Amino acid sequence: MSTIDATIPVPSARQGFLDGDESLRAWLSTRDHKRIAILYALGITGFFFLGGIAATLIRLNLVEPNGLLLNAETYNKAFTFHGVVMVWFFLIPSIPATLGNFLLPLMIGARDVAFPRLNLLSWYLYMAGGLFTVAALLAGGVDTGWTFYTPFSTMFSNTNVILVVVGVFITGFSSILTGLNFIVTVHALRIPGMTWFRLPLFVWSMYAVSLVMVLATPVLAMTLALIGLERLAHVGIFDPALGGDPLLFQHLFWFYSHPAVYIMILPAMGVVSEIIACFVRRRVFGYRFMTYSILALAVIGFLVWGHHMFVSGQSMYASMVFSILSFIVAVPSAIKVFNWTATLHKGDITFEAPMLYALGFVGLFMMGGLTGLILAAPALDVPLTDTYFVIAHFHYVMVGGSVMAYLGGIHFWWPKITGRTYPEGWARSAAVLMFFGFNLTFFPQYILGYEGMPRRYHSYLPEFQILNVLSSAGASILAVAYLLPVAYLLWSLRRGGTAGDNPWGARGLEWQTTSPPPKENFRRRPVVREAYAYDEPAP
Amino acid sequence: MSALSSLPQASSIAPQVDALFWFMLALCVIVVLGVLIAITVYSVKYRRGSPADRSGRLAQSTGIELAWTLIPLALFIGVFTWSLFVFARMRSPPEDSQTVYVIAKQWMWKAQHPGGQREINALHVPLGQPIRLTMTSEDVIHSFYVPAFRVKQDVLPGRYTQLWFTATQLGNFPLFCAEYCGLDHARMGGNIVVMAPADYSRWLEGHGGAQSLAARGATLFRNHGCSGCHGANASVHAPDLDGLYGRWVQLVDGSTVIADDRYIRDAILLPKQRLVAGFAPIMPSFSGQLSEEDLLALIAYLKSTSSTANDPPAIGSESTHEHD
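Protein chains in written order, with the numbering used here: chain A, 1 to 539; chain B, 1 to 324.
Just to be clear, a hint being listed does not mean it is correct.
Which residues of chain B face chain A? A partial, calculated answer using Cβ under 10 angstroms [to be verified]: (1) V41; (2) S43; (3) K152; (4) F176.
Residues from chain A shown here face chain B by an in silico Cβ test under 7 angstroms; the list is partial [to be verified]: (5) F152; (6) P246; (7) R283; (8) F289; (9) T341; (10) K346; (11) A377; (12) L380; (13) V382; (14) E451; (15) R456.
Worth flagging that the hints you see were computed from the coordinates, not collected in a lab. Computed from a predicted model, the values in this text were never measured in an experiment. No residue lacks a Cβ here, since even glycine has one placed at the ideal position from N, Cα and C.
One chain only, chain A, in its complex shape (with noise of 0.2 angstroms):
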């Protein structure tokens, strides 16, 4: 593997993008997307333990019909808090902003994205987003939920929401740069040989997410525009005071904010063909049908915001054509769903921690979707809407299927990333208990929901307690899960096994480079075959 094309001169021939200049100033002002990639590993990280502290805090305080810990204002702006922070500083910029940075140019052969200084003003964009969200919540938080929904927020809150709508605002044009480059970066950058239709899906899902990001973000950036203009100015948009209408910004919010929800779905199912091809040793079954499901969920996905809005006082037959288009994009779900699952038929399994990241991804996925389509029809959605199911269903989609398929990508590319493997049997443990720990978590909460508890609750009638005292506990199983990975994954930064260029025998492109890879990615040019061409020797 380590023949080593000797007429580019190189420094040293295992020299590493992590390896040259190590100054601050130097990771600073990096335009390397892998360096970049590794600046929004730690900010994401460190927004995913934030938002992970309110989440704490909500299920602690939970634990008693009353509110054990914290009076209403306070958990009003924990959950608050846990929102904004997890949604926009956590799972929409996760996947595409760290492992989608440091892969794309790998995976299609490229020496860098499109626009180099854009990706690292993108980052600069995302920290400066994250300070205001924060300042918000030093100088005494919000209270508007993540939702912001009027005429709350516009005209009643006493809160900070001008700063957190402006941390928002400035972080979504992080989103419109990061999709703009990878747009480009996929129709100008491939090597030769990479046809459409040899690309992995992981890169088909960064394509697919970026054009959502770049067509849905914009209506999120003019909404939260009225909002501050409505609480400085009175403009009248939105508070019917004022001669505004409520289910405007309702309208304009879930135009993006339902869109969004593929930002944060579609990179997951392109991380997890890439786990399960590999340790599967297949080809992903049915490839084009996955690309095709992919455009499809992007582009339905637009299509279904209503869906957000049965009780709202929208009217019956609006209600009525959101419901079917809901039902509708549930069906390109399935297929993947059903396409991985086929894709394990008659192939040579292996268990390591990525795979089973993998296959709890399909499991949670499944059961997060699932519940979906009972959200989707408007009789079911009346009762269940704004209670626990909700917040069950969409954890199911967001935790178990975003933030695990991210964790099985970490611990894939660790390797390719660092140039260090990890302790497997700590990381098997892990994933093994965050399964459990997530299920204990969020499973109650879809009975307590059927049985009636809202959201949104600081107190609660004394039926639900036992139901919240079992996800209480599912919700410390759960921490310990995610702080693990923190740990094994530092010490082997010093103290991990040195990997090898392809230590699963993997396919990609990526794998044909050293692990971490050089600051210019490829030391020879690399082989381009199909995609997850596993019957075949690697090269």
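With the hints as your guide, set chain B onto chain A.
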């Protein structure tokens, strides 16, 4: 099937909602079990080193993929259709519904019965009688949610939304606010008290307001000077409002609109918004002079003068019936 849950089925719609719910849940369980069994069986059978035969593996199969595209799609359309029937019923109050007005504010529920009885954070209703709630909010968005009835409807400022139910069990059932509305959202609850019709009549008598809602509206109609222009003997050329409720009104721009709750509210607060054909636009706005309770009393009064005693057919909770 309610034995599977501690949640009572206390309204006429609840068994229909639950039947659909349990059907879909069963469907979900079948799919989850099917996929999990397939994953488990394949994982064991095709683990590395197992002796299983791996020859003849399919990389793709259009037939299989079309099957698992089209079969779910057909199932989804079937479930969607079933759901539509239940949903349409949820949104169509029966003709003989009795209207109760609900006003939400941070953080309480106020109800007004047609007889003038008022209550806070409670709503007394008779068993077996369809009740139609016409609801509005004084501040932010709230949501009227009774889990035992399987009904929920957001309550918005500046417009009326509707919800109906027929209670089928005696007893107290929790009422929640389901749309986050600020500090004491979690405490914005109450009880729906379902009583036998005879007990309900006694309750009404015991809590009788000094005057019925319509009578209070009639008083407001005089005191605010409405009758000066709209009354039978008025000298000003203004529309006669007797029997207006539920009728079609011709507007200046040629469109017609049905005179329902929302139209009357808008006509009082925003008289310039939809001008009636044939009349000079001289009515002043009463915005700021009338509370939400006053507006509902005026609507009840106008309704009482209408020959069509029934509410207009309400389809959907949003009552925009413009024909333009």
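Hint check: 7 angstroms Cβ-Cβ cutoff, A:K346 to chain B | holds, 4 angstroms
Restraint outcome when A:V382 is required to lie within 7 angstroms of chain B by C-beta distance | Holds, about 5 angstroms.
Taking the least C-beta to C-beta distance, is A:T341 closer than 7 angstroms to chain B?
-> holds, 5 angstroms
Mind checking the CB of B:F176 against every CB in chain A and telling me if the closest is under 10 angstroms?
-> Holds. Min distance 5 angstroms.
Would you check whether A:A377 satisfies its interface hint, that is, whether its CB is within less than 7 angstroms of any CB in chain B?
-> Where the cut-off is 7 angstroms and the nearest Cβ of chain B is about 4 angstroms from A:A377, the hint holds.
Taking the closest Cβ pair, is A:P246 under 7 angstroms from chain B?
-> Hint on A:P246: holds, closest Cβ of chain B at ~6 angstroms, below 7 angstroms.
Supplied contact hint for A:F152, tested at 7 angstroms Cβ to chain B | Given a least distance of 4 angstroms, the restraint on A:F152 holds.
Close enough to count: is the Cβ of B:S43 nearer than 10 angstroms to one in chain A?
-> holds, 6 angstroms
Go through the hint on A:L380 and say holds or violated, using the shortest Cβ distance to chain B against 7 angstroms.
-> holds, 5 angstroms
Against chain A, is B:K152 within 10 angstroms by beta-carbon distance?
-> With Cβ-Cβ at 5 angstroms, under 10 angstroms, it holds.
Does the nearest C-beta of chain A fall within a distance shorter than 10 angstroms of the C-beta of B:V41?
-> With a closest approach of 9 angstroms, the B:V41 hint holds.
Is the interface hint for A:F289 satisfied, with its Cβ closer than 7 angstroms to some Cβ of chain B?
-> holds, 5 angstroms
This entry satisfies every hint, going by the numbered hints stated previously.
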